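Undergrad: Residues per chain are reported as follows:
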Amino acid sequence: MTGDIVQMGAYIGAGLACTGMGGAAVGVGHVVGNYISGALRNPSAAAGQTATMFIGIAFAEALGIFSFLVALLLMFAV
Amino acid sequence: MAADEKAKELAFKPMDQFNVEPFFGDGPVGIFTVTNATFWMALSILCVIGLLVLGTRGRAIIPNRVQSIAELAYGFIYKMVEDVSGKDGVKYFPYIMTLFIFIVFSNFLGLLPMAFTTTSHIAVTAVLAMLVWVSVTILGFVLHGFGFLKLFWLESAPLALRPILMVIEVISYFVRPVSHSIRLAGNMMAGHAVIKVFAAFAPMILISAGIGVVVTPLSILAITAIFALEVLVAFIQAYVFAILTCVYLKDALHPSH
Chain G
157 MTGDIVQMGA YIGAGLACTG MGGAAVGVGH VVGNYISGAL RNPSAAAGQT ATMFIGIAFA
217 EALGIFSFLV ALLLMFAV
Chain S
1038 MAADEKAKEL AFKPMDQFNV EPFFGDGPVG IFTVTNATFW MALSILCVIG LLVLGTRGRA
1098 IIPNRVQSIA ELAYGFIYKM VEDVSGKDGV KYFPYIMTLF IFIVFSNFLG LLPMAFTTTS
1158 HIAVTAVLAM LVWVSVTILG FVLHGFGFLK LFWLESAPLA LRPILMVIEV ISYFVRPVSH
1218 SIRLAGNMMA GHAVIKVFAA FAPMILISAG IGVVVTPLSI LAITAIFALE VLVAFIQAYV
1278 FAILTCVYLK DALHPSH
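Those protein sequence lines, which keep their order, are chains G and S. Counting from 157, one number per residue, gives the positions in the first sequence under the numbering used here. Counting from 1038, one number per residue, gives the positions in the second sequence under the numbering used here.
Please keep in mind that the hints were generated in silico from the structure rather than gathered at the bench. Don't take each hint at face value.
[Stated by the list, open to error] Ranges between beta-carbon positions, derived for each pair: (1) Met1151/S - Leu172/G: 26 to 36 Å; (2) Ile1106/S - Gln163/G: 43 to 53 Å; (3) Ile168/G - Gly1123/S: 42 to 52 Å; (4) Ile168/G - Ile1106/S: 45 to 55 Å; (5) Val1234/S - Val162/G: 18 to 28 Å; (6) Gly1087/S - Tyr167/G: 37 to 47 Å; (7) Phe1076/S - Thr208/G: 30 to 40 Å.
[Claimed, not checked] To be clear about the criterion: a stretch of chain G counts as covered by chain S if any three or more of its residues have a C-beta under 8 Å from a C-beta of chain S, and this derived list gives those stretches: (8) 201-213; (9) 218-232.
Everything numeric in this text was worked out from a predicted model, so none of it was measured. Glycine included, every Cβ here is placed at the ideal spot set by N, Cα and C.
Bound-form chain G, shown alone (with noise of 0.2 Å):
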């Protein structure tokens, strides 16, 4: 066991960082099974809100895709 104690602090970092994917993924997936549920429940209603799904997901996502940023600067920037 060799090695340099900062590096492995950048790694646990950045496996830890990576459990905000988790959340991104919980997000996306409520949005889009409430977009579905009501969907079904109003068909005609649907195809307007497609874009509305699409924007709430972005939102959703970013933080995932944030946090997944942060796992990459401490693997080869930091």
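Using the hints, position chain S against chain G.
TA: Just chain S now, kept in the frame of chain G:
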């Protein structure tokens, strides 16, 4: 054999595909050096010209295949701008169409084997997002003067909550270019890196036949599945970039609600 020796260990270099390298020779990278980034960017612009300029040159009443695709893309984005930004936003349709079509072609060309994904670089997407953010902010101030600041002062909220909401709104306004650019770059980068990680597992059968029999077919299957997902993501992220531009544009056009 040299190839056999090389295959003895798995090569995990998922981020090497994003290196910007000179396209000709090995010289240093300056401002005017032709790199793989500039090459693929130029290629995507040539594809845009090929689709939209050459494809619609005939202006046939009964469109041929290329013209149909160009018209579909035009109509799709036009309807999106109209739906999200309203009738006033249609004036800014050419800009959003340019953004969408450039990003879509960069994303799809990046999916080709050995290709370089220009949109996987935050430098590229940050310029696109900063241009959107700056121009939308300037547009808001030009159209509404200081009334544009009503965007941060929510009239519909209770008076006591408004200062707190204002802080949140201001922060979220300034985070917009960051999230706008990182969303696109992060999605493209993540997908391509995952494909490369599975690609590194694929030659496992050359190292050990026992594990390789299981791992190699599985990883090839995974590459195929993730590639299919990436084709979807390449389109959706371009669409999301364009639709968020429309949302920001709507805020600049109608800041009071």
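Undergrad: Quick one: which hint numbers does this structure break? Sort them smallest to largest.
TA: Per hint list: zero violations.
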